[in-house]
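A.B. asks: If you want the building blocks of each chain, they are given just below.
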Amino acid sequence: MKLLVCISHVPDTTSKINFSEGDTKFDTNGVQFVINPNDEFGLTRAMWFKEKQNATVDVISVGGPETEPTLRKALAIGADAAIRINAEATDGHAVATYLAAAAKEGAYDLIIAGRESIDYNGGMVPGMLAAMIDANFVTNCISLEIDGTNVTAVREIDGGKETISTVLPLVIGGQKGLVEESDLRIPNMRGIMMARKKPLKVVEPTSETSETHAVSFEKPVPRGAVKLVDADNVDELIKLLHNEAKVI
Amino acid sequence: MSVLVYTESEQGKFKKAALEAASYGKAVADAMGTTLVALTFNVGDASELGTYGVEKVLNINSVTAFNAKIYANAIKQAAEKEAATVVILSASADSRYIAPLVSVGLSAGYASNVVAAPSSLSPFVVKRSAFTNKAFCNTEISTAVKIVGVSNNSFGLVENIITAQQEEFSPSLATSATTVTSVDKASDKVTIADAEVVVSAGRGLKGPENWGLIEDLADVLGAATACSKPVSDLGWRPHSEHVGQTGKPVATNLYIAIGISGAIQHLAGINSSKIKVVINTDPEAPFFKAADYGIVGDAFEVVPKLIEKLKVFKAQNT
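Residue numbers (my numbering), protein chains in the order written: chain B, 268 to 515; chain F, 223 to 540.
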């Protein structure tokens, strides 16, 4: 089984978000970048397929040279080879188009992406990719089992979950649940050393196909100070929620 | 020309998110000087949509089970039939599953998590939340057909009462290799996605055995229950309740956080909620800086009192 894991290079979840150039660009100053958490759950599940079902695992990312440490980390965790598409990730459609070209080229059986990146939260790349390469598609995936070309996946739905039966080739929008938080792997020294020797191929993108673009960014309006209510006077809280906030 | 909204239903009843998407669609249609058309599946009587300004309803009865690919194909055909230039979906799990497929089908740019009506129609610019609610991004969609995913509880329900004209729609739909074999869903519980109020708790509750308190408070308020990341990682509560950057976003009217300190990832996840209440023993907990109302106190003392007083309040006010 040939497996491709899509890796988005995103600000660490603790990052403070700021913008530059008149609020038109994300300010990367002082920001630590990591593997998108939703992708990392997928990558860890991919390692299971590699170890238990002899899958080969490639990882791919769209971005400039600054994304290479993130790909190297994925290689250190255990991926076999990496591909970097040398383009700016301008929008979900452009990223999906670049990935679709690489996916066709590599003839992958299974592609695992995160359900969304934690930076732009578009939640569209896996679905668009699936539609572009005419593969089956399951998003918000919290469990994935493969037997030959038959797939059993569990999708989180509003208020519950559903079990889905489908076949390869398949694109997954993964999230926590594919593996547990405690299953995530920290690269060890051997992994890091081996990752240096693993292939990282840089591919030039197909033509630019953005359908949307960020005109400007803004931050939420800071809220006023909290109104404290005495612990012995919960009636006061109920009054405030009813009369002032009008939410109960 | 028209605006098409996909109005999601469950057992023939429209979801609140669908009615909100219709309200949004009506605002866009009015701004464009055109009409709002809705697409539904298996809804016997869709007249309720007229309340939110839907002029025409296309109902499909030929598809029984939910399938993202088939639904997306149906929405594409409805958009083509109605010459829709804007297609609106909600932020429900199913709509978010479908929207990217419709986007490719119609070669239409898609903006998700949209929180306000377009600030401009030409160019078409919408405000969407990004960086897990830590910021907003004004996004231009430059394709001829545009797809907008409306965030839950962002636009609200806006009535524009007219009579919706209903017709049967039978697009030609291929089969799919993907089938749902079982669904596991509690029918009697309010979901986080649909809830007006969410009661959420953290490690301050000390153990899963104490969640009865949270469920009781949620019951009084008709609320959904949620939890912090450590609580779901410890296995005290299911992952589906985890709220935050890697869990679920919560955009509700009232969010009550009990025994949650307020890590930046958690606060990001709930940022779109309108009113936030925190109950915590530690007055230095970061959550107090992000909340509207707070009580410094022990949950085990405050929450039972709150439940009791809310019961009295509800009895007087309903």
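These aren't lab readings, by the way, just hints derived from the structure by calculation.
Take the hints with a grain of salt, since some may be wrong.
Unchecked claim - Listing some non-contacts, in silico: residues in chain F with all C-beta distances to chain B over 12 Å:
no.: 1; residue: A239
no.: 2; residue: D267
no.: 3; residue: S284
no.: 4; residue: A290
no.: 5; residue: T307
no.: 6; residue: I383
no.: 7; residue: T385
no.: 8; residue: S394
no.: 9; residue: A399
no.: 10; residue: G434
no.: 11; residue: H461
no.: 12; residue: A512
no.: 13; residue: K527
Stated by the list, open to error - Derived coverage of chain B by chain F (criterion: at least 3 residues anywhere in the stretch with Cβ under 8 Å from a Cβ of chain F; other residues may be distant):
no.: 14; region: 313 to 326
no.: 15; region: 329 to 342
no.: 16; region: 400 to 407
no.: 17; region: 450 to 463
no.: 18; region: 504 to 515
To be verified - A few chain B residues that don't get close to chain F, going by computed Cβ distances all over 10 Å:
no.: 19; residue: M268
no.: 20; residue: T281
no.: 21; residue: E355
no.: 22; residue: G390
no.: 23; residue: E447
no.: 24; residue: V470
Just so you know, even glycine gets a beta-carbon here, dropped at the ideal spot from N, CA and C.
A.B. asks: Now tell me if each hint is right for this structure.
C.D. replies: Outcome of the hint check:
| no. | hint | result |
| --- | --- | --- |
| 1 | A239 | violated (9 Å) |
| 2 | D267 | holds (23 Å) |
| 3 | S284 | holds (21 Å) |
| 4 | A290 | violated (7 Å) |
| 5 | T307 | holds (14 Å) |
| 6 | I383 | holds (24 Å) |
| 7 | T385 | holds (30 Å) |
| 8 | S394 | holds (18 Å) |
| 9 | A399 | violated (5 Å) |
| 10 | G434 | holds (19 Å) |
| 11 | H461 | violated (5 Å) |
| 12 | A512 | violated (7 Å) |
| 13 | K527 | violated (5 Å) |
| 14 | 313 to 326 | violated (count 0) |
| 15 | 329 to 342 | violated (count 0) |
| 16 | 400 to 407 | holds (count 5) |
| 17 | 450 to 463 | violated (count 0) |
| 18 | 504 to 515 | holds (count 8) |
| 19 | M268 | holds (17 Å) |
| 20 | T281 | violated (6 Å) |
| 21 | E355 | holds (16 Å) |
| 22 | G390 | violated (5 Å) |
| 23 | E447 | violated (8 Å) |
| 24 | V470 | holds (22 Å) |
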